[in-house]
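Here is what each chain is made of, one letter per residue.
Number of protein chains: 2
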Amino acid sequence: MTRDEIDALDAADPLAPMRARFALPDGVIYLDGNSLGALPRDTGAAMADMVSRQWGDRLIRSWNEGWIDAPTRLGGKIAPLVGAATDEVIVGDSTSANLFKALVAALRIDPARRVVVSEAGNFPTDLHVAEGAVACVPGAMLKVVPRGEVLAALGPDTAVLMLTHVHYKTAERFDMPSVTATAQAAGAVMLWDLSHSAGAVAVELDAANADLAVGCTYKYLNGGPGAPAYLYVARRWQERLASPLSGWMGHAAPFAFADGYEPAPGMKRWLAGTPPMLAMAALETGLDLWASVDRAAVWAKSAALWRIMAAAGEAAGLECVTPADAAARGSHISFRHPDAHALTQALIERGVIGDFRDPDVLRLGLTPLYLSHRDVWQAGEILGEIVRSGMYREERFGERLAVT
Amino acid sequence: MTRDEIDALDAADPLAPMRARFALPDGVIYLDGNSLGALPRDTGAAMADMVSRQWGDRLIRSWNEGWIDAPTRLGGKIAPLVGAATDEVIVGDSTSANLFKALVAALRIDPARRVVVSEAGNFPTDLHVAEGAVACVPGAMLKVVPRGEVLAALGPDTAVLMLTHVHYKTAERFDMPSVTATAQAAGAVMLWDLSHSAGAVAVELDAANADLAVGCTYKYLNGGPGAPAYLYVARRWQERLASPLSGWMGHAAPFAFADGYEPAPGMKRWLAGTPPMLAMAALETGLDLWASVDRAAVWAKSAALWRIMAAAGEAAGLECVTPADAAARGSHISFRHPDAHALTQALIERGVIGDFRDPDVLRLGLTPLYLSHRDVWQAGEILGEIVRSGMYREERFGERLAVT
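Line by line, the protein sequences give chains P and A. Numbered according to numbering that gives the first Met the number 0, the first sequence spans residues 0 to 403. Numbered according to numbering that gives the first Met the number 0, the second sequence spans residues 0 to 403.
If we strip away everything but chain P, and leave its shape as in the complex, we get (with noise of 0.2 Å):
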């Protein structure tokens, strides 16, 4: 494409004026937006009245004020894009917690089915939190297999199917419909991680039947480094299901002060300690900028985005490691080359933050919020000359950057 044609995209995007609502470094091209979302402009202003009306002027009195409700009033304002009915999410607490919850209740379910089915390669957290749960529930095992025999593994031993919809590498996505069928044919509940998805790629949780999802704020959703996580537990399982971690703030009378526990009705059991209110408060603002976003229009264009920097690693000579069908990917575009660290260190020190996944890939995140069809083009062409140039060789660069 011509950057004529490139900018008659950016014409007619309609969501061309989000880019105004975040804040972004000059001089940067930001395509790590899938590793931690960029900071929306409203969030300063709602930590400044977090942290100074409601917390050093309202003090404990902000608990009656909003703060008791910020789990179900957040996993509400989630569900809508995960495709589930607003009391069927709760945040809370992080992604690995809420998988250890998931994965230790699903495994209670039926004491003849005690193993859980994942992927090689899933993202690392998900293995090693199922390593943990699978000890916490006796005769309980974890069977990783590789991704193109995950369903073949199924049996009537398999507790939990636990998947993550789009790669964290790759990008990579699962047809959700289908393989929660087959999971639950085979008898086994069928487990979601959605952090590279929600705010990424349309997903209908309800829709496909799904029984538990997982997932993570602080990539599309833009709630901030680190961020609460959120749970979703599909209705016909929530008065069956309880959590292992049974804090107070998940009784059903946190405040009657009873020694014995009793789960609360609803997704409420799901919480364990008192929320960090002030997490939470960056959160909301980054989904109250959802609220008003035409979301159909995120994922044509996040498909757009992804076309624009294909073209450009193709004509690099790059090998993509994603899918081209538009069905099957995230919002991700991840090339493989022997030099991948090298190669994200010269595009950070040309302006581009992409991202490297050991050992041999570049993953460049498109947001289809605040990045431009433009701007991803620039990092396409940014991408070619580095190529081309074989400056990336030099690898004079740091320590390798850290979090997803």
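Just so you know, these hints were derived from the structure itself, not from any lab. Quick caveat: nothing in here was measured; it's all calculated off a predicted structure. Relax, there's no trap hidden among the hints.
As the list makes no split between identical chains, a pair holds if one copy fits it or if it spans any two.
Derived lysine to aspartate or glutamate pairs resembling DMTMM-like cross-links, with alpha carbons at most 20 Å apart:
(1) K267 with E238
(2) K168 with D258
(3) K76 with E64
(4) K168 with D338
Given the coordinates of chain P, assemble chain A onto it according to the supplied hints.
Only chain A this time, still in chain P's reference frame:
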């Protein structure tokens, strides 16, 4: 004491300058810092820096610029407040989640020891979480006995004695060295909850030879509502225990993205998911305040404030349920009264914020960093007026205040 005597105490108070480091609303005497600590004046600027510069401008790069080490760095700042070495404390997750990790890990030490002993009327989440933890270890059970019987309940099957050092309601304080020694003599691991202790009274975990401890940071440590909690593991246990919540941040090499879990050395293995950095930033500001404080002066002032309020309560004919012996209590004072809820509400109407604990306790937190002797004396005068006038009986008050 006369008002002049009170003012003389303030004039001689080495901590008096600390009051200016906090933002407190006008017209309020805040006696609920044992529930939600007041806002340090520096927190607003720290949050603005975290939001605008670290998140907004530096974006993902901030993980390499201080974020990734925050859990151990903040743990190191808490360590001197609890008498621990800097490499024995880590910050992350909630107190409830940390209790869960510590309990499950301790229950796995010796298959012959499967009982968690704790106190009836302990802070509810401790008992609730213990219920959840014992359900994760085959054969484990929770034994809850009256306070006076906890040591007698220890036996050859006891795995853990879990106690809250300072009781959330009555402020009764266990003698940490002797209780720890008794538990260990019985072959049990000693787990302390320091939520109402750290920043309120002297705590010497290492000197007491404690094994494990957890605590909350949003009370006397002024970390903000729902601020991340901490976990202490004595050095001798660190390589022997592992977290059941085995998330990627606790992995020996979190960015190698290996499928298999390998716990990090030292305290990092207790991390699970990505830490909520906005909440961590606020907490760090609260902790930094403590660095400049003469802690012995804090413990002494805590006791002095308590005597002022105890005298006011006695003059008003209230039943004090907190021990008179300073070494046997924390930094709050509780009065039992059949109309305790109405009393609490009447105090709030008069600008004195304390709190009510079910069913009949008025609880007043006496935080030495930002309360003057005059504040506490004046609150005591108001309490006396309310009790004597009987105005609290009008019961025209709204909803009960919520959170501990």
